[in-house]
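Chains as they are written, first to last, in this note's numbering: chain A, 1 to 113; chain B, 1 to 114.
No lab work stands behind these hints, which were simulated from the structure alone. A hint or two may mislead.
[As the list claims (entries may be wrong)] Using 30 Å as the maximum straight-line C-alpha spacing, the simulated DSS-like pairs for lysine-lysine come out as follows: (1) LYS113(B) <-> LYS56(B); (2) LYS56(B) <-> LYS68(B); (3) LYS68(B) <-> LYS52(B); (4) LYS113(B) <-> LYS57(A); (5) LYS57(A) <-> LYS13(A); (6) LYS68(B) <-> LYS57(A).
Chain residues, written in single-letter form:
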Amino acid sequence: KAGVTQTPRYLIKTRGQQVTLSCSPISGHRSVSWYQQTPGQGLQFLFEYFSETQRNKGNFPGRFSGRQFSNSRSEMNVSTLELGDSALYLCASSTGTGNGEAFFGQGTRLTVV
Amino acid sequence: GDSVTQMEGPVTLSEEAFLTINCTYTATGYPSLFWYVQYPGEGLQLLLKATKADDKGSNKGFEATYRKETTSFHLEKGSVQVSDSAVYFCALPSLNNAGNMLTFGGGTRLMVKP
Chain A
1 KAGVTQTPRY
11 LIKTRGQQVT
21 LSCSPISGHR
31 SVSWYQQTPG
41 QGLQFLFEYF
51 SETQRNKGNF
61 PGRFSGRQFS
71 NSRSEMNVST
81 LELGDSALYL
91 CASSTGTGNG
101 EAFFGQGTRL
111 TVV
Chain B
1 GDSVTQMEGP
11 VTLSEEAFLT
21 INCTYTATGY
31 PSLFWYVQYP
41 GEGLQLLLKA
51 TKADDKGSNK
61 GFEATYRKET
71 TSFHLEKGSV
81 QVSDSAVYFC
91 ALPSLNNAGN
101 MLTFGGGTRL
111 MVKP
């Protein structure tokens, strides 16, 4: 059974640009969550999508958005990039029900210069 | 709201030493509890879990017991190896809404020296 796949693994962008990250969940999983990991703030929840609908949202500005497709794949977009957006972005896949257990991808390392 | 507190690292141990990483939580109800591990340059891997009070989760020699009375879920291993060097995160799922959101502790970096 394939795991969670995130692409790309690494990205370098310039301030003011926008970026799109992709996540393919485990087959059969309908929930995809996104987290931002930085040395200063640790792991912070961005949002969760379940059956193509945003079900939960963390405390991030509107520059951070996402969507989910009918095959459960999800994309996350960050517009007008800032230096502080440099982070490891992690995607988590789960059934969306049950005990909350989630499986993570390897992450996308975004560097904003 | 829900919160998780972990002991700060780094924790530096010699090979074969005993490991304890403390984790306490504040939550509504009695959620499942998880330990995740992150190796350098990687994402998070689920290490072990416990779904109800007094449950003991175990995997790869690591253990943690869900203690409702002390709201704790401390991670232990009897004999660590160099390959256990990683960052460990305690986490709980939010039960305050219909969704799937994990609240993480700050992470504890473990360094094991040969």
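How the hints compare with the structure:
1. For the suggested pair LYS113(B) and LYS56(B), the alpha carbons sit about 28 Å apart, so the restraint of at most 30 Å is met.
2. With a CA separation close to 12 Å, the supplied pair LYS56(B) and LYS68(B) stays within the 30 Å bound.
3. Our distance criterion of 30 Å between C-alpha atoms is met by LYS68(B) and LYS52(B), whose separation comes to about 9 Å.
4. Proposed proximity of LYS113(B) and LYS57(A) is contradicted: the alpha carbons are some 41 Å apart, above 30 Å.
5. With a C-alpha separation of about 25 Å, the suggested pairing of LYS57(A) with LYS13(A) holds against the 30 Å cut-off.
6. Proposed proximity of LYS68(B) and LYS57(A) is supported: the alpha carbons are some 29 Å apart, at most 30 Å.
In this structure, the one hint that does not hold is number 4.
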